[in-house]
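Each chain, letter by letter, is given below.
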Amino acid sequence: MTQVTLIQAINQGLRQAMKTDPDVVLMGEDIGVNGGVFRATDGLYKEFGEARVIDTPLSENGIVGMAIGMALYGLKPVAEIQFMDFIYPAFDQIVNEAAKFRYRSGGQFPCHVVIRTPFGGGIRGGLYHSQSTEQLFASTPGLKVVIPSTPADAKGLLLTAIHDEEDPVIFLEPKRIYRTATGEVPEGDHRIPFGKARVVKEGSDVTVVSYGAMVPQSLQAVNAVEKMGVHAELIDLRTLVPLDYETVLRSVEKTGRAVIVHEASKFAGFGAELSAIISERALYHLKAPILRIAGYDTPFPYALENLYLPSVDRIARGIERTATAT
Amino acid sequence: MTQVTLIQAINQGLRQAMKTDPDVVLMGEDIGVNGGVFRATDGLYKEFGEARVIDTPLSENGIVGMAIGMALYGLKPVAEIQFMDFIYPAFDQIVNEAAKFRYRSGGQFPCHVVIRTPFGGGIRGGLYHSQSTEQLFASTPGLKVVIPSTPADAKGLLLTAIHDEEDPVIFLEPKRIYRTATGEVPEGDHRIPFGKARVVKEGSDVTVVSYGAMVPQSLQAVNAVEKMGVHAELIDLRTLVPLDYETVLRSVEKTGRAVIVHEASKFAGFGAELSAIISERALYHLKAPILRIAGYDTPFPYALENLYLPSVDRIARGIERTATAT
Amino acid sequence: MLRALKLMVTGRVADERSVNLQRQGRIGFYVQMDGQEAAQVGCGLALEPEDWVVPAYRELGVALARGVPLQTLFDQFYANSNDENKGRQMPTHYGYRAYRYVTASSPVGTQIIHAVGLGMAARYKGEKSVTVPFFGDGATSSSDFHAGLNFAGVYNAPVVFFCQNNGWAISLPREKQTRSKTLAGKAEAYGIRGVQVDGNDFAAVYRVVQEARERAVSGEGPTLVEALTYRMGSHSTSDDPTRYRSTAEVASWKQKDPIERLARDLIARGWITEDQFEALQEAARAEVQAAIQTAEQTPPTSPDTLFTDVFKSNPSYVEEQRAELSELVREGVVKP
Amino acid sequence: MLRALKLMVTGRVADERSVNLQRQGRIGFYVQMDGQEAAQVGCGLALEPEDWVVPAYRELGVALARGVPLQTLFDQFYANSNDENKGRQMPTHYGYRAYRYVTASSPVGTQIIHAVGLGMAARYKGEKSVTVPFFGDGATSSSDFHAGLNFAGVYNAPVVFFCQNNGWAISLPREKQTRSKTLAGKAEAYGIRGVQVDGNDFAAVYRVVQEARERAVSGEGPTLVEALTYRMGSHSTSDDPTRYRSTAEVASWKQKDPIERLARDLIARGWITEDQFEALQEAARAEVQAAIQTAEQTPPTSPDTLFTDVFKSNPSYVEEQRAELSELVREGVVKP
Ligand SMILES: Cc1ncc(C[n+]2csc(CCOP(=O)(O)OP(=O)(O)O)c2C)c(N)n1
Ligand SMILES: Cc1ncc(C[n+]2csc(CCOP(=O)(O)OP(=O)(O)O)c2C)c(N)n1
Ligand SMILES: [Mg+2]
Ligand SMILES: [Mg+2]
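Order-wise, the sequence lines are chains X, Z, L and R.
Heads up: the first sequence at position 139 corresponds to 139 in the working numbering, and the numbers run straight through without jumps.
Heads up: the second sequence at position 301 corresponds to 301 in the working numbering, and the numbers run straight through without jumps.
Heads up: the third sequence at position 242 corresponds to 242 in the working numbering, and the numbers run straight through without jumps.
Heads up: the fourth sequence at position 255 corresponds to 255 in the working numbering, and the numbers run straight through without jumps.
Calculated from the structure, these hints are not laboratory results.
Note that beta-carbon positions come from the ideal geometry of N, C-alpha and C, so glycine has one too.
Take these hints with a grain of salt, some might be off.
Here are the simulated DSS-like cross-link-like pairs (lysine-lysine), alpha carbons at most 25 Å apart as the crow flies [what the hints assert, rightly or not]: (1) R:K312 with X:K46; (2) L:K176 with R:K125; (3) X:K196 with L:K312; (4) X:K227 with R:K335; (5) L:K125 with R:K176; (6) Z:K254 with X:K287; (7) R:K125 with Z:K46; (8) X:K46 with X:K19; (9) X:K254 with Z:K287; (10) Z:K196 with R:K125; (11) R:K6 with R:K256; (12) Z:K46 with L:K176; (13) L:K176 with L:K254.
Ranges between beta-carbon positions, derived for each pair [stated by the list, open to error]: (14) R:R243 with X:A51: 18 to 24 Å; (15) Z:T180 with L:V329: 51 to 57 Å; (16) L:A251 with X:G74: 24 to 30 Å; (17) Z:R321 with L:E319: 18 to 24 Å.
Chain X extracted, bound-state conformation (with noise of 0.2 Å):
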């Protein structure tokens, strides 16, 4: 094993998949002779010629739509939206088709579509390269919704998403970490199951729940604080569906507080979900009130994106004064 980044994983996990199964085929702007704008396809345009690494016109509903029509006849295609930002002219055939094709066949029609699009802030990409709208899936049933933050999780939670899954999954990758991330990644087929949950680093006073480039921001974090005193645990989510609320639950039972980290907006975001399923199931465990901390409920800035997003420091002063409040 040797260290890798992030995208690297990516690239790596695309092309195992290539060399496994014949019928994964890429499609996306700019992911052929370009390997793509982040260089996820990086080389298998060459490796696996233009029938299974497919540029494509500008057009994410042709591009979604497209993989679906592969999908239904049996292949697995994996589609790159070039920004998350970008995704939005697919939503309809993400929504209304891939999410219920399983469903509204009864079954005949399965739609196993996997999208993947980079997602997030901190590049001072402005309002249209830096969004994060996780919720807006994974509050669509029949789509799973998976955020790897190491490239270990990455390239195993990719292989998972083409090989095992056999529904749409929308897999975000916070491309603010794409290079920065680094770690040792598995040779060949590794794959890491959907719906479990990954602590990152145990601690009996307060539970932070976090996915994404928050992750590395709230281990940071969760470190600051322990020099005063303060011990966190740090989950982190990998998948948001399937949700694996029980790892959640059990730590939250036993550190008695709770402190949920994303960057998109927090009205309505995926915090939501995750307060309301702690105090719903764990109230009466709760020692004090759950603390979301999230992108402001603004659009994205560009010249002040650093006061958007949550920093380690403000963080760290949600922790401890979670950790502390009586």
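Chain X is fixed; fit chains Z, L and R with the ligands onto it per the hints.
Relative to the frame of chain X, chains Z, L and R with the ligands by itself:
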């Protein structure tokens, strides 16, 4: 004042707005000669002509995009999407354009479009004529989201949306009660401010929060449990954004118990935000876990919609259990 | 030809009965093809079993031409426990994998781009087949029409786009849907072939589709077929067409009824007699009646199916809801 | 013509400097128009002050032709406190109501349909103006292109669709974007007029747009103009074009540089001298340098603007967040 139905109240509201202000124009599929598939625009084409009541081609992104263009100029377009289930082709225009125009232009280009659409189940409409996906819009900063449950509110909120608000408004009409909700509606220019919930019925034992077609449903349930000695307070939110959480919190501080009722799917639905905000801000008042009564986490069914939708009995049972939980 | 006539007649009778069943509250919302039988059966019969059909909600004639049994269809209209689509959708929104007939949805146009993906997948797997999306004049304004034709052009996909221009998209006449001279002409914007055909002429439709199919299969590219026809009935059972179109217009198209036309033609050629045509109609009525009876006697969809097919397997919290509902049903709190 | 040359040169210089500023980390992501100056300035100058411009992200030449001051633009690139768009977007995503120049977004194509609504609104209010959406070859595949041209046809909207076909949509060449012979030809699918023009010929573009403008204003309908040009630089500062296109191709277009072409032409006609052309470039450099200096000396966007313009006025809970952030900034927990 005469008794009118909810759909008639909408029609009156539109007529009133068009009479008051020549800048109000309507657009949508079948809204002209046909008067809308639910007759919301009945008679308006004849009265105001085709320059102001615009029948459009079958393109929701076209409808909303054209409305946005008119709003950028300074008109007050009111677009109809025939069913909420068909709003997604316009999703990009709504969340990336309408919601962000004021922000991205530093206030130079406000985007005052009103988008009306019938939503919700209970009409045997199946998967694609029944959806409630208000959380998609409520979770998008920059959009206001309105859901009336009575004819008077429908007209009053609509006129406020058109005349007073200068931001994009998603105006969701509970079609199940289009013709069954009747009531007196003030003549002329009747307005109801956004962000003021309505206490439908006062009570001291448990707070029930709802909106749209679930309000009359919940009221029946509240009346039913009253016979069992449970006094529930019923709140109709009227607008999800801006949310009048103060009224909700005040009630929960009094009752110590909360039940949230909506017909949208439960997981990451709008009820999650309500539950989160209540537990976060009134934790020490809570005598029992908050209960969310909602549609199940499946696509909307056809044959089994009566099982999917919260029934009066299901709501009553939930209220009663929450009121008596110890 | 005789087979075509039989299918068209069966479809007409099934439609008429279904509209009545809806009026009587025995089935839900219904969409009839009334007037479009030649276009649908003509296209359907020109296809091979290995071809894929990706329909909209009005394609009864295509389903019959593919061989889907009447009983199967009425089980769907009744959303009973034999419905292979498990009672999940309103009548006329069905699909059957065995017939390579994809389950339809209501959103207009979405299937057009699916067809391109399906066609490309079939080609990738070495199949010699075409994929045929069905859609109306209104659907040509949709985003997925634009993407579908554009992608098909770029990838030279083995697809025959079959547009039934029935003059109306609910209340919007074709001329107000788009200012293009013809719909077939839109093909050029995507560098593909476009053909207009009299959609009420069974044989003409059959020929045009067969030719387009051959071209597609042999790699000569996709075709957009515009079949000129007319929706003689209402848009759906929720629609009142007298609000937006003249009875004169309807009457003039009644003269061009595709079934009458084919029957007259066959009688003139001596392939069938007037009596045989009568008998054929009678047989269709009996067949439809039998299917209705069986469908009505079949038990309804089971409550538990609410939770199947959301995913291959459900997350734990969805299973909890399933258990909750079972309890509610058991205790009589909710009634199916 | 001289004015045109001056604008084109100023634009080129501003672009070159901005790309360097980005490389030095002094401004963010930048998109240059390099090579498209004649198309942009030609179209921009053919419009009247009462016309509306609805740009994409690459329209520096249009902004300059509309009269937007260089200083205003550099204030946006620096997202400083003088930026009228309040530092909300990356460089080149700007707009100025005073110039009837709508604030651009990144999503490709969305503005095309806005233009139709704007044009119809202006007509409804009795204005004699046109609205001009700007977009690239890639955008012709977008849903809003399809809706925009279709709606414009149906409503005969006073719009001139200005497509700069610069050969590439990031790494996808025009031939793989769509199989249609020309982009102008797509107009026919919507029953409107389409014209192709040499986009590197300032005068030709000017004439074609002026004519299209007149037709639109006088009710003769919309036009789709395809200006054939070339993106000589990278797609954006994040792009490396050597991965997907040949240096020979770029070199051949270098020969057709629109600024050189116009300058040579004016010199040949004796309207300016070689020295004057030099001086003009020198002046542009000085002007750009001054704008940069001022922009750099202007204070940054104030933290409090994070919360303005979400709505006309904020819900209480957003105001609470604003207060929270003020506190965090005051206490040094977060730094702008
Ligand atoms: C995306 C979408 N928008 C609106 C509707 C409502 N609707 C149902 S059918 C229809 C008209 C379709 O016309 P056309 O494509 O010509 O097909 P036809 O019904 O005539 O067969 C409309 C507007 C819908 N189903 N989907
Ligand atoms: C909806 C959408 N999809 C993808 C992108 C990413 N993207 C930005 S520019 C671009 C290519 C645009 O090409 P074209 O329309 O020809 O304009 P040009 O950049 O050549 O001026 C792409 C794919 C985007 N901005 N918006
Ligand atoms: Mg039609
Ligand atoms: Mg281009």
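To see whether the hints hold, each was checked on the structure:
{"no.": "1", "hint": "R:K312 with X:K46", "verdict": "52 Å, violated"}
{"no.": "2", "hint": "L:K176 with R:K125", "verdict": "23 Å, holds"}
{"no.": "3", "hint": "X:K196 with L:K312", "verdict": "17 Å, holds"}
{"no.": "4", "hint": "X:K227 with R:K335", "verdict": "22 Å, holds"}
{"no.": "5", "hint": "L:K125 with R:K176", "verdict": "23 Å, holds"}
{"no.": "6", "hint": "Z:K254 with X:K287", "verdict": "21 Å, holds"}
{"no.": "7", "hint": "R:K125 with Z:K46", "verdict": "20 Å, holds"}
{"no.": "8", "hint": "X:K46 with X:K19", "verdict": "13 Å, holds"}
{"no.": "9", "hint": "X:K254 with Z:K287", "verdict": "21 Å, holds"}
{"no.": "10", "hint": "Z:K196 with R:K125", "verdict": "35 Å, violated"}
{"no.": "11", "hint": "R:K6 with R:K256", "verdict": "18 Å, holds"}
{"no.": "12", "hint": "Z:K46 with L:K176", "verdict": "18 Å, holds"}
{"no.": "13", "hint": "L:K176 with L:K254", "verdict": "23 Å, holds"}
{"no.": "14", "hint": "R:R243 with X:A51: 18 to 24 Å", "verdict": "21 Å, holds"}
{"no.": "15", "hint": "Z:T180 with L:V329: 51 to 57 Å", "verdict": "26 Å, violated"}
{"no.": "16", "hint": "L:A251 with X:G74: 24 to 30 Å", "verdict": "48 Å, violated"}
{"no.": "17", "hint": "Z:R321 with L:E319: 18 to 24 Å", "verdict": "21 Å, holds"}
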